[in-house]
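One letter stands for each residue in the lines below.
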Amino acid sequence: KAGVTQTPRYLIKTRGQQVTLSCSPISGHRSVSWYQQTPGQGLQFLFEYFSETQRNKGNFPGRFSGRQFSNSRSEMNVSTLELGDSALYLCASSYNYGLGGNEQFFGPGTRLTVL
Amino acid sequence: SQELEQSPQSLIVQEGKNLTINCTSSKTLYGLYWYKQKYGEGLIFLMMLQKGGEEKSHEKITAKLDEKKQQSSLHITASQPSHAGIYLCGAVILIQGAQKLVFGQGTRLTINP
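The listed protein sequences correspond, in order, to chains A and B. End of the first sequence = 825 in our numbering, gap-free, step of one. End of the second sequence = 131 in our numbering, gap-free, step of one.
Here chain A stands alone, though its shape is the one from the complex (with noise of 0.2 Å):
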């Protein structure tokens, strides 16, 4: 089977940018959790989604919203970027929902470069 693949790898944009990163999870897994590292804060959980509807969500603002399509894969979305979002995003992927109660599989990372 294929691992969760996240796109783009690398990206560089600018304060007040809206930006959109991809995960596809492994095939059969129906959930999706987004997660952000920075050297400062850790690993910060942002979101799960499973069967296209957000099951759990970490403290993080508005400006960051996802979405997971009927065939599994999401995307998630930061508007207005800000300097301190520059971090490495993660996605995993695992069979059933539960707020880390599942074995994950995990991308490689967005590293995500604000200036």
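Just so you know, these hints were derived from the structure itself, not from any lab. Each hint should be verified, as a subset may be incorrect.
Listed below are several chain A residues computed to face chain B (Cβ distance under 10 Å; list not exhaustive) [as the list claims (entries may be wrong)]:
id: 1; residue: Ser743
id: 2; residue: Gly752
id: 3; residue: Asn766
id: 4; residue: Gly768
id: 5; residue: Leu800
id: 6; residue: Ala802
id: 7; residue: Gly808
id: 8; residue: Gln814
id: 9; residue: Pro818
All of these numbers come straight from a predicted model, not from anything done at the bench. For glycine and all other residues, C-beta sits at the position ideal for the given N, C-alpha and C.
Since the structure of chain A is provided, determine the placement of chain B on it from the hints.
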């Protein structure tokens, strides 16, 4: 996160030695997870612990959950260079009445030959 403390923050051990990494929560744990990460890359899920006293092993890595102490330990026996990386613990805890997934700051493990 402040709710989850990992110790030590970094660890350098000689190849072949044993080591332990701890993860302590200030709140009730509803699940505890261990991950490994190579610098700048995605995470590898290692183990999930959900019941007090639970212990799981995978190859030379063993994790235990002490529910009373709200703590988990990850123990590596006879460390190898392949064990080097950043180990992260994650946990589901209650914050303001809702279950949230939080992570420790990570432990950077270096194995010297």
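Status of the hints after comparison with the structure:
1. Ser743: Cβ of A:Ser743 sits 8 Å from chain B, so the hint holds.
2. Gly752: 5 Å, holds
3. Asn766: 7 Å, holds
4. Gly768: 7 Å, holds
5. Leu800: 6 Å, holds
6. Ala802: 7 Å, holds
7. Gly808: 9 Å, holds
8. Gln814: 5 Å, holds
9. Pro818: 5 Å, holds
Of the numbered hints stated above, none is contradicted by the structure.
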